[in-house]
Amino acid sequence: MRLQSKSATYYVFKNFIYLLPLVVLPSLMLAFFQSEKGPVVLFINMANIIKSGGQISFAHFYTDLYSFFSLVNIKSDAVLGINAIWFWLFTYVVLIIGLCMAFTFVERHIKLGTHRYGNFFKNLNESFLFLFPYLFLMFVLYQVWTLLLCGAIVLISIIAQGWAFFAFSLFITLIFYTAYFVFFSLLILTPPSMYFDGYRFGFAASYSAQLTGAHFFDSVIRILATVLISQALLFLCRLLPQQFWLPDMYDNVVLILARFLFYLWWLMFLPSFSVCKYAEYTETKRADLKIKIFD
Amino acid sequence: MHAKKTFLLIGNNYTTHLKSLLLQILAICFIVAIFGLFFFNFGNLIVKAIEKEGLVRKTQELISYLVNWNSADQTEFSQKILSYIDSISQSLSTIPNFNVKLATAIWSTIIAGYAVYFLVGLSVFPTFFSVNQFMTTNSKPFYLWSVIKKSVDSMRMMALRALINLIMDWCCLFLTLGAYLITFVNLGMTGIIISLLIWAALVSARSAMLAYWLPVNINETSKTRQAFKSGIIYMLDDFWNLFLKSFIVITITSLVAFSIIFLFQPLVVLILTMLLISLSSYVLNCIYFVNYYELKGKPYFVKKVTVTYSDDNA
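Protein chains in written order, with numbering that gives the first Met the number 0: chain A, 0 to 294; chain B, 0 to 313.
What the hints contain is simulated information worked out from the structure, not anything from laboratory work.
Here are the simulated distance ranges between beta carbons:
{"#": "1", "chain 1": "A", "residue 1": "LEU140", "chain 2": "B", "residue 2": "ILE270", "range": "25 to 31 Å"}
{"#": "2", "chain 1": "B", "residue 1": "LEU262", "chain 2": "A", "residue 2": "GLY52", "range": "29 to 35 Å"}
{"#": "3", "chain 1": "B", "residue 1": "VAL115", "chain 2": "A", "residue 2": "PHE31", "range": "39 to 45 Å"}
{"#": "4", "chain 1": "A", "residue 1": "THR283", "chain 2": "B", "residue 2": "VAL267", "range": "53 to 59 Å"}
In this text the structure is predicted, and so the values were computed from the model without any measurement.
Where a beta carbon is used, it is the ideal one built from N, C-alpha and C, also for glycine.
Please put together the full structure from these sequences, using the hints given.
See below:
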């Protein structure tokens, strides 16, 4: 006789079927309209250029460098006669709504043990004001932080050339991303703290930093490991169809499918992780856990 | 003159300075990125014009000429310097639509200069808040915490301090350049060293004038202008003491920087000079803090003290 596992990953897989309808639309839209570029693509391109003996230059700062890091997807090509950025903006609206839904569901499930969805607008109203400041802060911080990273890469390109430049900039990028995700996971308990205890954003943020600071390696290493594993899997999915068995026309399909699964995982994992960890650190009683008698 | 105490303070808080160096590098990255986003095109034009006129090569020629100095050819040297200054203005005028872009260029240079002074200087206040904490309580606060907690105070102070420093630094530079071109240009190497000393004296005078602003702002009042006034009043009591110390530090720094020019590549020289400037400003501020505490007659710590209880003479 024992309690069920308290981990967030277990929670996601156990309640997968309940969480799926809430986040399937935003993750599908993200897979289509979020920029395909990423730092991985940038470094692959740079490695190719260096291998062929070319010269790396960042003459156009945005297109050559910053667009690989930025979350904002500014594309000039139009879909159905409308600029792509409007689709991107609409995706983010849907994303925030989906996250609010998932967050409310997870919170209610953990507090009350019920699987009911409830009214759409009431759910949205319940968690929008708690979730939005955190997401907005993290978005702005990501943009500014990657801007700093791009400046550092330009400075390194002045100092070093060739493979030394590649190694240096890869190292700097890893450091910057680690610092960002450490900060991200320090404040990740802010929304549940605002929801459960009714603090304002500032107090909730400092309480969250205090809680995660007490369990620093537990929370931070979990987030970092999840980032690393999911990025590695996405990278493998990018490489596989080129190398092995599929003809060229399936490249896009595999990529979109992989990115869909990637975003789906993150949209399910983030609310579950924050609420489960909040319940664990503050020793709140979880109503969704059942006692297993036979195992 | 409290030299031992100052050296102990500098050595014991050196890790704080290293952390502030990281912040300064981040600030420089930020400026580069912002300029990359908005003004990269104009920057590329300037770089191309400099390459076309061969300014870097001419600078290296001038330096190698200085190294192999011969006192016989003084008039030739002054000719060379005048042609060098001429080629700078020549390279600027080769930029297309220069007259149209001149106003934009001047304004963006002023804004960029102010941004450099402001953003790089933002790390000074938290660093010396931490050092001051060490001097009063013998314990170092968590650096990132002091950065976040003191960010508003730091910005309020730096907005004014960056402006004053920028204007006074440019004034010092132009005064020295004018004096050199009018008076010492025919003296060759001697003239350069004399004008370097004049520059050091001017800069150390401006550094000594603002010396007590930071300690007063941290210790006595959080109002910037109030702190500026009381800092000036305290400064008048021992201006020459401060001036002498600043002059020694700045002269040594500038001589080291001057000798570095002959040794390395231009890029390495730039990086090393920036590190030197950061280090010397840290040393200067440490000297001012020790002087401030001595002036006010307050007790202070300069090294880690551990108190132990012994049973023998209890």
